[in-house]
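Residue numbers (our numbering), protein chains in the order written: chain A, 2 to 298; chain G, 1283 to 1453.
Keep in mind that the hints were calculated from the coordinates and are not lab data. On a predicted model such as this, the values are computed, not experimentally measured, just so you know. Check each hint, because a few of them may be wrong.
As the list claims (entries may be wrong) - A few chain A residues that face chain G, going by a derived Cβ cut-off under 7 Å, partial list only:
#, residue
1, T3
2, L5
3, F8
4, E9
5, R10
6, P13
7, D14
8, L41
9, L106
10, T110
11, F189
12, S237
Unchecked claim - Here are some chain A residues the structure puts well away from chain G; computed CB gaps all over 10 Å:
#, residue
13, D24
14, A30
15, E88
16, R101
17, R148
18, A163
19, I205
20, D207
Using N, Cα and C, we set each Cβ at its ideal position, and we do this for glycine too.
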Amino acid sequence: MTRLAAFERHCPDSVEGVTELLDSLGDEAIVYAGGTELFLLSKFGFAEYPHVIDLKGVEELRGIERSGGRLRIGATETHRSIERHPEVRRDWPALASMERGVGNLRVRTMGTIGGNLCFADPHSDPATFLLTVDGEIEARRGDGDPRRMKLEDFIVGPYENALEDGELLTSISVGELAPDAGVAHQKFILTERPAITAACHLRIEDGSLADVRLAVGSAGVRAARAEAAEGLLNGSGISDLDRVFEEAGPLAADAAEPVEDANGSVEYKRHVVAVVCRRVVDEAISAIGQENDIRPL
Amino acid sequence: MSETTVQLSVNGTPREVVVPAEELLLDTLRERLGLTGAKRSCDVQVCGTCTVLVDSEPVSSCTFLTCDADGSEVLTIEGFSETPEFEEFRQSFIEQAALQCGFCTSGILLTLKSLRDAGELTSREDIIAGLDGNICRCTGYKSIVQAAEALIVVPGGSSRGTGTPVSNGDS
Chain A
2 MTRLAAFERH
12 CPDSVEGVTE
22 LLDSLGDEAI
32 VYAGGTELFL
42 LSKFGFAEYP
52 HVIDLKGVEE
62 LRGIERSGGR
72 LRIGATETHR
82 SIERHPEVRR
92 DWPALASMER
102 GVGNLRVRTM
112 GTIGGNLCFA
122 DPHSDPATFL
132 LTVDGEIEAR
142 RGDGDPRRMK
152 LEDFIVGPYE
162 NALEDGELLT
172 SISVGELAPD
182 AGVAHQKFIL
192 TERPAITAAC
202 HLRIEDGSLA
212 DVRLAVGSAG
222 VRAARAEAAE
232 GLLNGSGISD
242 LDRVFEEAGP
252 LAADAAEPVE
262 DANGSVEYKR
272 HVVAVVCRRV
282 VDEAISAIGQ
292 ENDIRPL
Chain G
1283 MSETTVQLSV
1293 NGTPREVVVP
1303 AEELLLDTLR
1313 ERLGLTGAKR
1323 SCDVQVCGTC
1333 TVLVDSEPVS
1343 SCTFLTCDAD
1353 GSEVLTIEGF
1363 SETPEFEEFR
1373 QSFIEQAALQ
1383 CGFCTSGILL
1393 TLKSLRDAGE
1403 LTSREDIIAG
1413 LDGNICRCTG
1423 YKSIVQAAEA
1433 LIVVPGGSSR
1443 GTGTPVSNGD
1453 S
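Only chain A is shown next, with the shape it has when bound in the complex:
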């Protein structure tokens, strides 16, 4: 049976306290909240730290609320709490639905959105989705001012984020959606983590697509906006999408930069990316103006 290597656990109650610990313990320390990524790596011997810092007692990292015209989600909020949040379900239904598809029920109960993004696994639903809804993060060292950055600047590469020493991801935020915006997230999954993820934000003006933001992830090392495909889709009539996708599909596949791995070859993934992107655009179109049927939880 698999046990974790011995460690000392620290439970600070502020970002200041976390930064002090990280400064004094250096490379011997790691932070955790849900443990859904860290403890798996620890079991396999990939991440053994003598000091483990629990972030669950840090109040500043919690909360889901509207703030400054955006939805702010504390970094240690779990996937489950986001999926269940009434305001998220009403006003950002695609976010709630995307979260409902992360991992499994137990992973969502423990796993946090901040942990998911910091771990920067290339196969991430939130990292793909947030690119289409103006996702930003806020980070802070205990002794410093908050820094805000776009999600695309935060996730630098596979398993690599832009945090500096002693700095914590404190919150994630997304923009308000226009009343006539449609947003959707889709994934193609063969094992436990998604093989292809795609998300889309769009509006329709006079029968044509507008404000298209299309993101693709999980196929390559990092999620990305498919900007060239967006350029073709913007202004295209919704009855003309079959033709437009003959070009837009391969452009989205270019943006995904697929790599060959256990999920399939580059050629196979390029094909699936185009298919999933078409589906997610269609779903975003049908999401426009849909009443969100929120049953009480």
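Given the structure of chain A, go ahead and fit chain G onto it with the hints provided.
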């Protein structure tokens, strides 16, 4: 390295255990408290056989620090099986032959209980989404979904936890 005193309620009984910080809840339950209903299998939060409820929410005890259960209420299949509510779950699983070897069954029953208590067991879709992370290598799932359908509580129906079957499982 560092031992911690953890106070928790297990199946309604207050317990105090002194454990290393890195000890996993599954080991505490099985080896210190003699509760072997939660099983170790995949060990990576994928299969669901180690599922227990912590403060009514399902977790993989194979990857959950015992320290993180300090002050919490833990429910295992041993505790659930002694409640009146359990009889309905047992009966529906027997009627549908929704288990063979039984290794996954504890985790599935606890997952269904947590969903139902939260008002999130309202449809076949809820069952399929909720049990997505519980692997069964015997049944092929059909009988499990059918058994769970008998446990569905429709919104606005009777009070939570008492059960209003909307299907006899033949659907």
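Query raised in the report: So which of those numbered hints doesn't the model satisfy?
Result: 6, 7, 11, 12 and 16
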